[in-house]
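Modelling step: build the complete structure from the supplied sequences, incorporating the hints.
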Amino acid sequence: MLGRDVHAFLEEAGCCSRCTLIFLGTRSDDLYGDLSKIYEATETAVSRLNGQSDEVQNSRQNSGTSETTAGSKCSDGIKEKCLSSDELVTEKSDTNENSTKKQKFAVCVACIGVLQWGCSEEAIKQLSESIKDGGHDADGFSLSLSLPASISLRIHRLWTLLLQAHPQFPVKGREDHIGTVKDVWKNVVGPQLGAATGKAFIHGTYHDFVLNVTCTYVNDLEDCKIMDELCQTMFATRQKQHKKYANSVYSKQAIDAAFKKLSDSEVLKVCPSPPSTPSEAVTFASLQCQQAPMYMAGRYNKYSRDLPQTPWFVEGERKLGSSVQELICDILDQTVCAEDLKFSSSGREDVDVRCLGNGRPFVVEFINPQRTKLSGDKISSLQRTINNSTKLIRVRDLQIVEKKDLKNLKEGEEEKTKAYCALCIAAKGYDNSALEALSKMPQLVIQQKTPLRVLHRRPLATRARTILSMKAHPVDQHFFKLHLTTQAGTYIKEFVHSDLGRTVPNLGEIMGCEVDIIALDVENVALDWPPKCGD
Amino acid sequence: MDTTSPESAMLPPAMEGKIEDTVDLNLQYPSVSERYWTKYYFIPKERKKPGSSGEEKGSMNEGTGETEKGMENVMKEDDETEKMDVDSNHTEEKDDRLCLPREGTAEHPKVTYSSLDSSGHVCVMVHTNKLCLVTLSDRHPALAPGQEITQVSYEVGKFNRLDNQVSGKGKRGAQMMGPQSPVCIITCADGSRHLVLAGVHGKLVEVNERLLANPKLLRERPDAEGYLAVILPPIKNGDGPLRRLITAEQYQEMCS
Chain X
704 MLGRDVHAFL
714 EEAGCCSRCT
724 LIFLGTRSDD
734 LYGDLSKIYE
744 ATETAVSRLN
754 GQSDEVQNSR
764 QNSGTSETTA
774 GSKCSDGIKE
784 KCLSSDELVT
794 EKSDTNENST
804 KKQKFAVCVA
814 CIGVLQWGCS
824 EEAIKQLSES
834 IKDGGHDADG
844 FSLSLSLPAS
854 ISLRIHRLWT
864 LLLQAHPQFP
874 VKGREDHIGT
884 VKDVWKNVVG
894 PQLGAATGKA
904 FIHGTYHDFV
914 LNVTCTYVND
924 LEDCKIMDEL
934 CQTMFATRQK
944 QHKKYANSVY
954 SKQAIDAAFK
964 KLSDSEVLKV
974 CPSPPSTPSE
984 AVTFASLQCQ
994 QAPMYMAGRY
1004 NKYSRDLPQT
1014 PWFVEGERKL
1024 GSSVQELICD
1034 ILDQTVCAED
1044 LKFSSSGRED
1054 VDVRCLGNGR
1064 PFVVEFINPQ
1074 RTKLSGDKIS
1084 SLQRTINNST
1094 KLIRVRDLQI
1104 VEKKDLKNLK
1114 EGEEEKTKAY
1124 CALCIAAKGY
1134 DNSALEALSK
1144 MPQLVIQQKT
1154 PLRVLHRRPL
1164 ATRARTILSM
1174 KAHPVDQHFF
1184 KLHLTTQAGT
1194 YIKEFVHSDL
1204 GRTVPNLGEI
1214 MGCEVDIIAL
1224 DVENVALDWP
1234 PKCGD
Chain Z
62 MDTTSPESAM
72 LPPAMEGKIE
82 DTVDLNLQYP
92 SVSERYWTKY
102 YFIPKERKKP
112 GSSGEEKGSM
122 NEGTGETEKG
132 MENVMKEDDE
142 TEKMDVDSNH
152 TEEKDDRLCL
162 PREGTAEHPK
172 VTYSSLDSSG
182 HVCVMVHTNK
192 LCLVTLSDRH
202 PALAPGQEIT
212 QVSYEVGKFN
222 RLDNQVSGKG
232 KRGAQMMGPQ
242 SPVCIITCAD
252 GSRHLVLAGV
262 HGKLVEVNER
272 LLANPKLLRE
282 RPDAEGYLAV
292 ILPPIKNGDG
302 PLRRLITAEQ
312 YQEMCS
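Protein chains in written order, with this note's numbering: chain X, 704 to 1238; chain Z, 62 to 317.
Quick caveat, the hints were computed from the structure, so don't treat them as lab data. Quick caveat: nothing in here was measured; it's all calculated off a predicted structure. Where hints are given, some of them may not hold.
To be verified - Examples of chain X residues lying across from chain Z (beta carbon under 7 Å, computed):
no. : residue
1   : Cys1124
2   : Arg1160
3   : His1200
Stated by the list, open to error - Calculated lysine-lysine pairs in the DSBU-like style (CA-CA distance at most 30 Å, straight line):
no. : chain 1 : residue 1 : chain 2 : residue 2
4   : X       : Lys1022   : X       : Lys889
5   : X       : Lys947    : Z       : Lys297
6   : X       : Lys1022   : Z       : Lys79
7   : X       : Lys1110   : X       : Lys1143
8   : X       : Lys1113   : X       : Lys1131
9   : Z       : Lys100    : X       : Lys1196
10  : X       : Lys902    : X       : Lys1094
11  : Z       : Lys297    : X       : Lys1152
12  : X       : Lys1152   : Z       : Lys100
13  : X       : Lys955    : X       : Lys928
14  : X       : Lys1022   : Z       : Lys277
15  : Z       : Lys79     : X       : Lys1094
16  : Z       : Lys106    : Z       : Lys230
17  : X       : Lys1110   : Z       : Lys230
To be verified - Computed list of chain Z residues with no C-beta within reach of chain X, every gap over 10 Å:
no. : residue
18  : Gln208
19  : Arg254
20  : Arg280
Virtual Cβ for every residue (Gly too), placed ideally from N, Cα, C.
Quick look at the structure:
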């Protein structure tokens, strides 16, 4: 009888009871149940395969202790076997002693203990500790599992042997077998982990907070060496390319790809018997908590003419004390506690340029943040703390935003006009009439070669830019201030002093006298994002 | 939490005041050339060539004591041992010395070596970002009082600097320059012709094409709008590219 024979085959080969159930084709939630559920489901599956569906209904109603049917004899035997193979293997420490004994005491040949030790109390303790140690304030979590390559190999081999011995066995379970092993582990472990940590276990893909579990098997490489025989060419070349395949000559994808090419009969020639009993169960080589990034946006004013936007180092030495970025982010990170952070803004101004008006929009990306739940009050308090800590900058409209909102920054940088005030010096004096003429000028298109001061790190190019409007006021006979609004990406300093003639037309040409720029302020960045916070 | 020391900054930590209150209105405000650039000087060696006149200039490198003979070897060193960011597209100047037509060509009047003077002092202006401007020192013969510049040409024998093309941040495809590389030929009203040498290693980024139409700019603003060329020295070599140069102080001492 198919069901009984296959069950015996798998058990003889050394599969644990959950793996056996997966082979038998069950894909329901029964897979995630405790051992008694597994026994029931196994009986069901076996009977189904034996083709005696009616008796199965009856026997199940009697809570798994069917007496009268032919199938029941098998199910008793099954229960014993399931019991022994699993109960004795939940503690890792047992497996080494028992590896020489009969297989039912040993590590599963298919899952190498993922569904045995991997679901045990000890394993769950390791997992819950790593979540607690992470210190993240997420309310829910999901799990991601990475398995050693040899599991793919073992499962492929078992399927070929199974089908050889029982050609009429339904093969559709083969496709999603590995995926199912992972699902089973997650759904067995997840709820218990949830109970242990107080966080809600979330099924399926949930990217906000994930515990990434990497399982490894100590003899993975050994097991996989058989791939050299099975698929000579593929792995031979990989062996040689040390740089490319340093750690992963035998990867899961490679093995899957190889098996797609191989026929079952080719596999059987090389592997006529089941895979050997693993020497020990898998271990959790790494447990990493990963929280999705959090984004905070705001606007900053800069009042110093001696402050870079980001930390400035020349040959390992800090050039100027602090930076806009540090003045903002150091305080925020004290609360958020992120692994790393990225500061970006809608354009930037030079060290010696002030940023006035509503300020320049910026975003801080917090990578793997511990704290993501921040109330409006808490955010306001953080903003106040930043503003009280220094007179050099001011922050406003601080708020949490979503990743999709970030594109506003780029748009602001590339498209929005900017308003400036340039304090200019005309060493040999200037004509008032020339000054007045500036405000009457129509929009002016200038050609700017990449300024010499940035040419060492930018490509050489000539860019056309538009000066939209100008208005100048005298300060004294040698100094005047020029208000101008320009297209995004215009170099104001170079427009004033001409960059040795590489920006044309330039202010000096237009006014007919020599001019230079002594100070520059950004008066406004015309971007309506992030939304005002009314503080 | 405030890790800056605003009070020690040169300017007051300006607040939201008027722009004219945030800086010193200083009539002696340094020009663009003075603010961003430091002047160094390159004194080309006199070459032994038939009919050339001109004194031996003082040695420029402390410590290497070169002789005329030794100079040949040194220049080889320049080309071969100084590792630069060389890509396969550049035009390497193996012999970047005076590669000039011996006979006249259709465009140029008949010239001989002796009338082309490459001994004029060059002022290399180095930006804070390490970019170099090749300019004429104020002691260059072409800038002598009463002299007049009639033409600037970037066709220097084997190379035409106007053909230079660069792309990307790394200025790929640039013509490679060494200290002895010719940049341009300046023709004066009195018929004298001067070959200007680069003075530094690096990639030629651009030449000042405005001098083609307006050679007078060179005498008017030699250390600003009248610059000759922009060279990007190799990043890795630290001060290597400046090896053949002397500081402004040293130059003043030498020439006084």
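Here is how each hint holds up against the structure:
1. Cys1124: Where the cut-off is 7 Å and the nearest Cβ of chain Z is about 5 Å from Cys1124(X), the hint holds.
2. Arg1160: holds, 6 Å
3. His1200: Since chain Z brings a Cβ to about 5 Å from His1200(X), closer than 7 Å, the hint holds.
4. Lys1022(X) x Lys889(X): Not satisfied, since the Cα-Cα distance of roughly 51 Å exceeds 30 Å.
5. Lys947(X) x Lys297(Z): holds, 29 Å
6. Lys1022(X) x Lys79(Z): Holds - the C-alpha atoms of Lys79(Z) and Lys1022(X) are around 28 Å apart, at most 30 Å.
7. Lys1110(X) x Lys1143(X): violated, 36 Å
8. Lys1113(X) x Lys1131(X): Violated - the C-alpha atoms of Lys1131(X) and Lys1113(X) are around 41 Å apart, more than 30 Å.
9. Lys100(Z) x Lys1196(X): holds, 22 Å
10. Lys902(X) x Lys1094(X): With Cα atoms ~42 Å apart, Lys902(X) and Lys1094(X) exceed 30 Å; violated.
11. Lys297(Z) x Lys1152(X): Cα-Cα ~26 Å, so holds.
12. Lys1152(X) x Lys100(Z): Cα-Cα ~23 Å, so holds.
13. Lys955(X) x Lys928(X): holds, 13 Å
14. Lys1022(X) x Lys277(Z): The given pair, whose Cα atoms are some 40 Å apart, is violated under the 30 Å limit.
15. Lys79(Z) x Lys1094(X): holds, 16 Å
16. Lys106(Z) x Lys230(Z): violated, 34 Å
17. Lys1110(X) x Lys230(Z): holds, 25 Å
18. Gln208: holds, 22 Å
19. Arg254: Per Cβ check, Arg254(Z) is outside 10 Å of chain X; nearest 25 Å; holds.
20. Arg280: holds, 15 Å
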